[in-house]
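Enquirer: All chains, please: the whole structure from these sequences, using the hints.
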Amino acid sequence: MINFDNSATTFPKPESVRRAVSEAVKKYGGNPGRSGHELSMQAAQKVFEVRAAAAEFFGAETENVAFTVNCTYALNMAIKGIMQYGGHMIISDHEHNAVSRPVYALSESRGVEFSIARITDNEEETLRSFRRLIRPDTKCICCCVASNVTGRVLPYKRIAKLCKEQGICFIADCSQAAGIIDLKLSDGFDFICTSGHKALYGPTGTGLLITNGEYPLSTIIEGGTGTNSALLEQPSELPERLESGTLNTVGIIGLGEGIRYVSRLGPERIRQHEQQLCSRFITRISERKDIRIYRSEAEYLPIVSFNIGDISSHIAAMKLSEKGFALRGGLQCAALAHDALGTTSQGTVRFSPSVFNTLRQTDMLADAVLSI
Amino acid sequence: MKKTMIAMTSITYAMKAKELCTASGIRCDVVRTPKNIGSGCGYSLSVRGDIEKAVALLDKNRIPHKQSYEI
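Chains as they are written, first to last, in this note's numbering: chain A, 283 to 654; chain B, -3 to 67.
The hints are simulated quantities; they were obtained by calculation from the structure and are not laboratory data. Ideal placement from N, C-alpha and C gives every residue a C-beta, glycine not left out.
Sample of chain B residues with no beta-carbon within 10 angstroms of chain A, all distances over it, derived:
{"#": "1", "residue": "Lys(-1)"}
{"#": "2", "residue": "Ile22"}
{"#": "3", "residue": "Arg23"}
{"#": "4", "residue": "Asp46"}
{"#": "5", "residue": "Ala52"}
{"#": "6", "residue": "Leu53"}
{"#": "7", "residue": "Leu54"}
{"#": "8", "residue": "Gln63"}
{"#": "9", "residue": "Ser64"}
{"#": "10", "residue": "Glu66"}
{"#": "11", "residue": "Ile67"}
Simulated restraints, written as ranges between beta carbons of each label pair:
{"#": "12", "chain 1": "A", "residue 1": "Arg642", "chain 2": "B", "residue 2": "Thr18", "range": "41 to 51 angstroms"}
{"#": "13", "chain 1": "A", "residue 1": "His319", "chain 2": "B", "residue 2": "Lys56", "range": "23 to 33 angstroms"}
{"#": "14", "chain 1": "A", "residue 1": "Pro418", "chain 2": "B", "residue 2": "Lys(-2)", "range": "55 to 65 angstroms"}
{"#": "15", "chain 1": "A", "residue 1": "Arg400", "chain 2": "B", "residue 2": "Arg23", "range": "57 to 67 angstroms"}
{"#": "16", "chain 1": "B", "residue 1": "Arg23", "chain 2": "A", "residue 2": "Arg577", "range": "55 to 65 angstroms"}
{"#": "17", "chain 1": "B", "residue 1": "Pro60", "chain 2": "A", "residue 2": "Asn313", "range": "22 to 32 angstroms"}
Expert: Next comes the structure, spelled out in structure tokens:
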């Protein structure tokens, strides 16, 4: 099976990540941050080193990097931490359910009001769409850096600038972009939320919530942190405030190697390679006139969403799976984005290569698509 | 011989402090706080050297900490 579903999770993982995970299971079995014995301290030291590596990668202070289970948890913690006492927020019409569902849940349970900005091919128009939705009680804008359906890159630096001008918080879903675009807090993010298992090449069960510290978060999960244990109140210090319960030491150590791997290659080089595969794929499948590719002249990450005639995207993905290719069909957990694309009923088939895919594999896939 | 300690607010700050002090030539280790300093479990920096210099270094680099103590 050749994996072209790397936007869901990258596979295979780099050899260094596999080795680190194996070593972590063998050597780092203590509970980090809970005791003073050697096993605990060794594990804590490894966790700290990964925290420092992630901080450097995203231009953050080490203590402002919190480990989460995945990007969905990071987004829930940021969105609910900012909005749990009500107010208004803005999301885009390209959001994953990891953004739209917690926002909707807050609107039902906490009276939070939200507006949806329209992303168009015209950057100025997109910016105007966000700007005109800002109200006196708007607390934040939360949107993706790039769509998980099409790879469409939003004008995130300009959205960040708008937030700064208006004094509102900017929460970014960087799940697809982290590791492909060189993202830093200095780009204007107040919160970077990302998975660790996609383009950062860590194991599943890893994610990051990174902040510049400007907006203290209310917590949605409280519990043991290994510090201030005599108090019922959750500690205020980051990152422990946001990391109740035992950490995923094995996953975190694997994520650290993933980040080092991406750092060595560089996001730009990875993007160029994957973009080359996307260009080849688009050129090849465009031979067939009934194949629709969901791209415009805008900027895209190396993701290609397409449909073959009026064949259900689920059926097309299933046929490709039978031919040995892993691609995702359906709505990719992004109802809003498909509404915007007009593909809610058919969904799309999503091609998303990783650094390990080749032109030859891409040609083989294109042959398979053309044969359906 | 007594040990000099700086109680830290978290293990992350304790490790950050150790990194900083070590880079500045101050030998130290992160240890579990051996008695209740403040509000229960926690971590301290065990300093083998000039503790006042270590405290000044943490303050200069805005690393939060609790009090210094001896055991």
